[in-house]
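*Asks:* Build the full structure now, drawing on both the sequences and the hints.
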Amino acid sequence: MARGSGWLKRAITGACVALLVVILGGCSMFSGPQAVNHPAGSNMQTIWNLFVPIFWMSVVVFIIVQGVLIYSVIRFRRKPGSPEPHPTHGNTKLEITWTILPALILAVITVPTLATISSFAKKPGAGSMTVQVVGHQWWWEFDYPGQGVVVADEMHIPIGVPIEVELRSNDVIHSFWVPKLAGKQDVVPNQHNHLSFTANEIGTFRGQCAEFCGAQHANMAFTVVVQSQADYDAWLAKQKLPATNIPSSDQLVAQGKQVFFTAGCVGCHTINGAELNGVQALGIVGPNLTHVGSRTGLAGEVLTQTQANIATWVHNPQKVKPGTLMPNLGLTVDQANAVAAYLESLK
Amino acid sequence: MAQATATQQGAQYRRSVIWEWLTTVDHKKIGILYMFTSLFFFLIGGLLALLIRTQLAVPNNTVLGPSTYNEVFTMHGTIMIFLVVMPLNSAFFNFLIPLQIGARDVAFPRLNAFSYWAFLFGALLILSSFLFGAAPNAGWFGYANLTTLPYSPGLNVDFWIFGLQVMGVASIASALNFFVTIINMRAPGMRLMRMPVFTWMTLVTSVLLLLAFPSLTVGLVELMFDRYFGTLFFEPTAGASVVLWQHLFWIFGHPEVYILILPPFGMISEILPTFSRKPLFGYPFVVYSGVSIGFLSFGVWAHHMFAVGLGPVPNSVFATTTMLIAIPTGVKIFNWLGTLWGGSIVINTPLLFAAGFIGMFTIGGISGVMHASVPVDYWQTDSYFVVAHFHYVLFGGSIMAIFGGMYYWFPKFFGRMLDDKMGQIHFWITLIAFNMTFFPMHFLGIDGMPRRIYTYQAGMGWDFWNFEETIGAFILGASVLFFAYNIIKSLRSGEIAPADPWDARTLEWSIPSPPPVYNFAVVPTVTSRDAYWEQKYGSAEPTDAEKENLNPSPTTVRGIHLPPPSYYPLVAAGGLVAMAAGMVMHGGGLAISWFVVAAGVLVLTFGLFGWSFEPNH
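Here the protein sequences line up with chains X and S, keeping their order.
Numbers in the numbering used here are just positions in the first sequence, counted from 1, shifted up by 6.
Numbers in the numbering used here are just positions in the second sequence, counted from 1, shifted up by 483.
Please keep in mind that the hints were generated in silico from the structure rather than gathered at the bench.
No residue lacks a Cβ here, since even glycine has one placed at the ideal position from N, Cα and C.
Heads up, a few of these hints could be off.
As the list claims (entries may be wrong) - Distance condition first, Cα-Cα at most 25 Å in a straight line; then the derived PhoX-like pairs of lysine-lysine:
no., chain 1, residue 1, chain 2, residue 2
1, X, K244, X, K353
2, S, K972, S, K512
3, X, K85, S, K1019
4, X, K85, S, K904
5, S, K1019, S, K1030
6, S, K972, S, K904
As the list claims (entries may be wrong) - To give a feel for the contact side, a few chain S residues facing chain X, derived at Cβ under 10 Å:
no., residue
7, N620
8, W819
9, L820
10, D865
*Replies:* In structure tokens:
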């Protein structure tokens, strides 16, 4: 028996060490662009601060239950000459204890949970900034109310300013999620949801739709660019300008503009201030392209934005993103290259 | 066939075996049909799981395109829930409930046969969508308005609606049947608080099914009306709130989770006492906690909807109720541990699976408490953290317990032992591969990987664990094939099982293995909980009836009245599925669709009519 329990002690110690290694290893391995364990926004920081104590309580419960389970199965296994067990039917004191103890643990979790729910529900007051987010199959639109600025798949915000995100859907349910900045909030048609957070780190943060929304749910990603107030102001000022005038010297860009305004692109896309032979680009079905050349991602972040990638995309969108609502307009490779050059020029 | 005797079983009825199984109303045969049907579907659902894991093994993979992937993950969920775990539980309800309560059959044997055939046909209808390249693709939860015509113009959602409706009829009929059976058909002395816990959990599950399914039915009918007749239940441009669907779905969907896990709770509560050689610790607490889980399960549905934007008050209420439901669940776990404590534990396959169940289900329960904290859920919902959570509940919980149940009751089902040596190998491979597959999904949740994405880019920090999970999934798949091999081999050449191979405690072990068609030669009289243990080890001498049940003599069993076989349940179920198939055809614009629906109505009416006027002797 003594030998047996020594073996048991070693096994339990080994299991605890292994668990610790997994947990510590786990903490160091979460380094991806959407990992939540190093939040860069107030909302996610609050969530993480709530999660960590729940996690450690869970570890304690886990060790107790698994420990008792493994110990009992080993310790009480039938051996030759094992006595007939005592036919215990139960123990009311024990039952009361293990009803109340978990209830207490749960109460300890519930109180800060409820407090956080109500703190999240408060709208930020003065000094906050509103961005209206519209979910589309399968891209994101960001409107800056009162600024006349509409961009796609790339949201710029200043650091340290409380952001009030108003969520609208243009079609089905989506969910707005920038893991490092905030928890999810669903984007529901016919419903006005909002989410508030303050970014506290300068950088770019990847976000992604989190509610299944059809064929290209996987490729409905976007970028949040957190900037200093000055950089943000500069960005906003630039976005307010109409599209860049085309330098007449660049033949390819001129040709691309020609294609863009005649092949059907303008039916879905807006380019503020651009015009060709009296035709304007005022479509609202697809993303606003006024300053598309200044963005870093393309088509819900499937591709990084380069002239070559834009050409690949407009040449055959279905090949890049099967099921996308952007049709194949049958552009030749040359036409696609020209359009790409034109769009890339719209800085 | 009013008279069933030992001799009749052999020589007298030599109709074809197929006819016998098509017309059977014997709860044991129906249980076996459920078992093999759902095990077959388990292989299909598992195959789909391996397709998912193959696609996600590496970033930017192109094994499955987005449309195929969305069909595969939708059908994986739909199959595992409706075609595997529910009917596997049903297999045990059917086979065991009459035996555990000392009855000769269920209350409505032909309705029972009808339930099985309707389930099978509904399942085949939904699976047939693969043949038409139109498998359901909007998730097992089918959130409106993605499922309405503008966003899902194909037949995919139609197959899903009508397949589920037919299976829903089957589930409700079956729930009604077991509810009435347990309330009305108990042997003398089998008071409610003497019933085996598995019977108790079946009773609670039946109530949940009866109350939960109608909500799904209403949702599906509204969706069907939107798609077929231009109503606007889920049309936001007409002012509808699409959140209505989520309420209807989850008022069904959360009790459904307990429909999947309560019967396994019951199985564990039978296995542990037998192999600890102790009564279940705290029987009344285990029973009452099961009942209170049943009650509370109707008050927690919105915890699936914390991020929908219901507002702080509903979210707070549902957070609290969800925390509450963890208490009775914990009570059960502690009582199982109390049962093991101080026992004389036989370590064999059923016990290992039962212990594995406790360990794995506890992990799923703990992560469930994390989700109950609404702000934490804002992060975890719809991420791989949740995928990890419910696989710990449904595979680590339900499936592990059902595997244990299969090793435990296999000798009673088939009269042969399910090989224990292979079983123990099966257990260890399952436990390791399961954790390889699903534990790292917690890590991916922390790494911010959302659910239901058909691909992901490199550089997200998701590559390693996805690849490792895929390896685990294939080992897990191999372990299931190994289990299938064990079943086939044991059915053919397994050791012949005695009536009571485990020295067990409940009435099903007091009759031969497999049981004779009439179950009990003499209806037993029950004097205590663990009725058969009391017969064996109680102070009273074994009565004649007890000896007779273990070893029936032809004279005793002559004259036992049993319901005759009937093909009407099969016909009626055929009519029902024809109606459903006709409706799907209508969605596809086929001109003959209304004729198919009308023919289905006629066949169903004929089946029910014939059934009602069929002589009962």
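*Asks:* Against each hint, give a clear statement of whether it holds in the structure.
*Replies:* Comparing the hints with the structure gives:
Restraint check: the Cα-Cα separation between K244 (chain X) and K353 (chain X) comes to about 9 Å, which is no more than 25 Å; the hinted pair holds. At most 25 Å may separate the alpha-carbon atoms for a hinted pair to count; K972 (chain S) and K512 (chain S) meet this at roughly 20 Å. Between K85 (chain X) and K1019 (chain S), the direct Cα distance comes to roughly 23 Å. Compliance with the 25 Å bound is thereby established for this hinted pair. For the proposed pair K85 (chain X) and K904 (chain S), the alpha carbon gap of about 19 Å is at most 25 Å, so the pair holds.
Taken as a hint, the K1019 (chain S) and K1030 (chain S) pair is honoured in the structure, with Cα atoms around 11 Å apart against an allowance of 25 Å. Between K972 (chain S) and K904 (chain S) the alpha-carbon distance is near 13 Å, which keeps this suggested pair within the 25 Å criterion. Hint status for N620 (chain S) relative to chain X: holds, with the closest Cβ pair at about 8 Å, below 10 Å. Annotation: W819 (chain S) was flagged as interfacial toward chain X, and the flag holds, the nearest CB pair being 9 Å apart, inside 10 Å.
Proximity of L820 (chain S) to chain X holds as hinted, the smallest CB-CB distance being about 5 Å (cut-off 10 Å). Hint status for D865 (chain S): holds, given a least beta-carbon distance of 4 Å to chain X, under 10 Å.
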